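Peer 1: Based on the provided sequences and hints, a complete structural model is requested.
Positions -18 to -1, 1 to 485 (mature numbering (1 follows the signal peptide of the UniProt record, and there is no 0)) are the ones given, in order, by the sequence shown.
Do not rely on the hints blindly, as some may be mistaken.
[Said to hold, decoys possible] Below, computed lysine-lysine pairings styled on DSS-like, alpha-carbon distance capped at 25 Å:
#	residue 1	residue 2
1	Lys392	Lys341
2	Lys298	Lys311
3	Lys390	Lys446
4	Lys446	Lys341
5	Lys465	Lys118
6	Lys371	Lys465
7	Lys311	Lys192
8	Lys232	Lys446
9	Lys187	Lys132
10	Lys266	Lys361
11	Lys132	Lys118
12	Lys139	Lys213
13	Lys225	Lys132
14	Lys208	Lys469
15	Lys213	Lys132
16	Lys311	Lys37
17	Lys485	Lys230
18	Lys371	Lys190
19	Lys259	Lys361
20	Lys371	Lys265
21	Lys118	Lys37
22	Lys459	Lys37
23	Lys213	Lys118
24	Lys225	Lys139
25	Lys225	Lys479
26	Lys361	Lys252
27	Lys107	Lys132
Worth flagging that the hints you see were computed from the coordinates, not collected in a lab.
As the structure is a prediction and not an experimental result, all values here were calculated from the model.
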Amino acid sequence: MNKLILIFLLLVLQQAKAQQQLTLSQQQEDFNIFRTSVQEMHAGLNWFITPERFKVLHDSVYNTLNENTSTELFNLKLRYCMAALKHGHDGVGMTNGEGGINFKMGTLPKSRKHMPFVLMFLDKKLYIINNCSSNKSIPNGSEIVAINGKTTAELSKEFCNYIFANGRNTTFKYQVLGTYYQFQYLLQVLYPSENYLVEIIPFGKKSKVKITVQTELPQTIANAYKEQTGKDIGAWDTFIEYKQIEPKLKLGYVKFETFAPQRVENDSVKFASLLEKMFTQIKKDGIENLIVDIRNNEGGNDTWQLATSYFRAIPKDNNQGLSFIQSDKFTQIKYVEQTEQNKQLLMVFQYNPYALIDKLPDGRFKLKPEYTEHDTKGKPLMPNAYNGKVFLLQNGLTFSAGFAFAGKMKHLIQRDNGFVKVVGEDNGDDMDAGVGSGGWSLNVVLPNSKIKVTIPVTGGGTDKPFTIPPVNFLDYKIIPTIKDKLKGIDTEIEFVKKMISAK
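Peer 2: What follows is the structure in C-alpha cells.
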C-alpha cells in the first residue's frame, strides 16, 4: 500500500470527534477477529485482491491502531479494509452508534451537523438537488466543484474507498454516496467543520463562486426539504406499478423498484398477485413496446425470477447458483450472529462441515447440490406473459437481484431472437468479472466495539474473474441532465419514446 495514503488515513481519522473510546488491545482483538473471519468465510476473497495485497493492507491498517480511538473511527478503518475486497454485498456498521432520523439518512447521527444539501451525482459530477441551508442564494441544480480547497473529484475518489461495490464498478459507489448521504457523512468525519467553503457553479451560470455553508442537523435539513417539496425526505416512491404512457406508440411502463416482498406490504403472495394483475392489464392494453424500469432496484429475493417468467421461461439448471465457499472451517463462529434460519447450518458446519460441502479436485469448496436447488430450478412461462419489445432502464443503484434480473432478461430474450435494449448507465454489478458473491451472508459481531461485519459466504461464476469475453451489457448510455432533473423530465423515458417514434 502507498505509505502516503496510510499516513493520510491515520491523520484524518485522528481529527474526528471521539465518541465511545476503545483501548488499543480492544481494537487489536476485534481487528484480528475481523481479519480471520474474512479470510475463512468470505466467498471470492481473492477475486479482486491478491493474498499478498490483502496481507500488506491489513498489516498496514493494523499498525495505525492506537490507544483511545473512537468506535466510529475504528469502524471506518474496517470499512476501508473491507471495501478493498471489492464485493458489493459486504457490510461494516456500528450497532451502538446514534441512529439517523430515517432509513435514507440513517448514516447521519441525529445530533451531528452536516452539509445541508440533498445531493446527486450525474456522470460523476456532484449537484445540489435541494438546497436545505439557510443561505437561500444557492440555486438548486448548482454543481459543487470544490469544498475547502479540495476538488469534488478528489473527495469523491477518496470517499469511494469506503463504499462496497463489485469488482471495477464505480456507478454503484457514486449512487450510494449521493442517495444515502454518504458524501455528507464522510466529509464531516474525515474533514470535520462547523462550516465549509464551497465552490459552486450556480445553475444556469458558467462562472464559479465561493460561498460559506453552515452545517445543520439532519432534522433541520429534513424540515427544509419538506417545506420546499411538500414531501418527507425519507419517503419512497411507488415500488411496483404499471401504466400506459403513450397509446399511439402502444407503449407501456412497468416499474420494479424492488424485488423484496417485505417492501410490498411485507407479503410475497400480494407481490405475486400484483404481478399477475399488471401483466393481465398489459395484454388487455395491447402493449407492443414495454419500458421495464429497474432503476434504483437494490435487490430482494428470488421474486426476480418470478418477474422474469412474465417475459421468458427460465430453463432448469440455467443458473449455476451461488454455491462456492471460501474454506471448510469457521473458527470464529462464536462471534457470528445466530438466527432461526442459520443456527442449525452453523452447528453442522462447525462439527461436520462435509455434511454441507464437497471439496473439489481443484481445492475449492462447494455446497452440496441440495443446498442450491432454489437457485438452479426453472420457472415456467406465465400464461399472460409479455412477448413484445423490451426497453430496460437501469442505473448504478440497480443492484443484487436487480442486476440478476437484468442479466437474465437480456440473455433469455436475445436467445429467442427477441428485442431488448438496455438504457441508462452501468448497473451496480461488474458484469465483465463473471463472478459474484451474495446469497447466504453471515454477520460477525466484534466483541469489544460491537461492530457488525456482514460477510457473503457463498459465491459463484467462473473460476477466475475477468476470464469471460467483455459483456457490453449497456446498449445506450443515457445520463440525465441536471436541467431535466429539476424540471421533472425523465431523460431515459424520453429517449425511448424518440427511439420508437423514429422507426
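Peer 1: All hints, please: hold or fail.
Peer 2: Tested hints:
1. Distance hint between lysine 392 and lysine 341 is unfulfilled; the C-alpha atoms sit about 34 Å from each other, more than 25 Å.
2. This hinted pair does not check out: lysine 298 and lysine 311 have alpha carbons roughly 32 Å apart, beyond 25 Å.
3. For the proposed pair lysine 390 and lysine 446, the alpha carbon gap of about 21 Å is at most 25 Å, so the pair holds.
4. With a C-alpha separation of about 17 Å, the suggested pairing of lysine 446 with lysine 341 holds against the 25 Å cut-off.
5. A C-alpha spacing of about 19 Å is found between lysine 465 and lysine 118, which places the hinted pair at or below 25 Å, so the restraint holds.
6. Distance hint between lysine 371 and lysine 465 is unfulfilled; the C-alpha atoms sit about 29 Å from each other, more than 25 Å.
7. Distance check on the hinted pair: lysine 311 and lysine 192 sit about 56 Å apart at the alpha-carbon level, beyond 25 Å; violated.
8. With a C-alpha separation of about 44 Å, the suggested pairing of lysine 232 with lysine 446 is violated against the 25 Å cut-off.
9. For the given pair, lysine 187 sits about 21 Å from lysine 132 by alpha-carbon distance, which is consistent with the 25 Å threshold.
10. For the hint pairing lysine 266 with lysine 361, the CA-to-CA distance comes to about 24 Å; that is within 25 Å, so the pair holds.
11. Distance check on the hinted pair: lysine 132 and lysine 118 sit about 24 Å apart at the alpha-carbon level, within 25 Å; holds.
12. A threshold of 25 Å between alpha carbons decides the hint, and for lysine 139 with lysine 213 the separation of about 32 Å lies outside it, so the pair is violated.
13. Between lysine 225 and lysine 132 the CA atoms are separated by roughly 45 Å; this puts the pair beyond 25 Å, and the hint is violated.
14. A C-alpha spacing of about 18 Å is found between lysine 208 and lysine 469, which places the hinted pair at or below 25 Å, so the restraint holds.
15. Of the pairs offered as hints, the one joining lysine 213 and lysine 132 is violated, with about 33 Å between alpha carbons and a cut-off of 25 Å exceeded.
16. Distance hint between lysine 311 and lysine 37 is fulfilled; the C-alpha atoms sit about 20 Å from each other, no more than 25 Å.
17. Note on lysine 485 and lysine 230: the hinted pairing holds, with a Cα-Cα distance of about 13 Å set against a maximum of 25 Å.
18. A threshold of 25 Å between alpha carbons decides the hint, and for lysine 371 with lysine 190 the separation of about 45 Å lies outside it, so the pair is violated.
19. Between lysine 259 and lysine 361, the direct Cα distance comes to roughly 19 Å. Compliance with the 25 Å bound is thereby established for this hinted pair.
20. For the suggested pair lysine 371 and lysine 265, the alpha carbons sit about 13 Å apart, so the restraint of at most 25 Å is met.
21. Taken as a hint, the lysine 118 and lysine 37 pair is broken in the structure, with Cα atoms around 50 Å apart against an allowance of 25 Å.
22. Distance restraint check for lysine 459 and lysine 37: the Cα-Cα separation of roughly 38 Å exceeds the 25 Å cut-off, and the hinted pair is therefore not satisfied.
23. Between lysine 213 and lysine 118 the alpha-carbon distance is near 19 Å, which keeps this suggested pair within the 25 Å criterion.
24. With a C-alpha separation of about 39 Å, the suggested pair lysine 225 and lysine 139 falls outside the 25 Å cut-off, and the hint is violated.
25. Between lysine 225 and lysine 479 the alpha-carbon distance is near 15 Å, which keeps this suggested pair within the 25 Å criterion.
26. Distance restraint check for lysine 361 and lysine 252: the Cα-Cα separation of roughly 19 Å lies within the 25 Å cut-off, and the hinted pair is therefore satisfied.
27. Proposed proximity of lysine 107 and lysine 132 is supported: the alpha carbons are some 14 Å apart, at most 25 Å.
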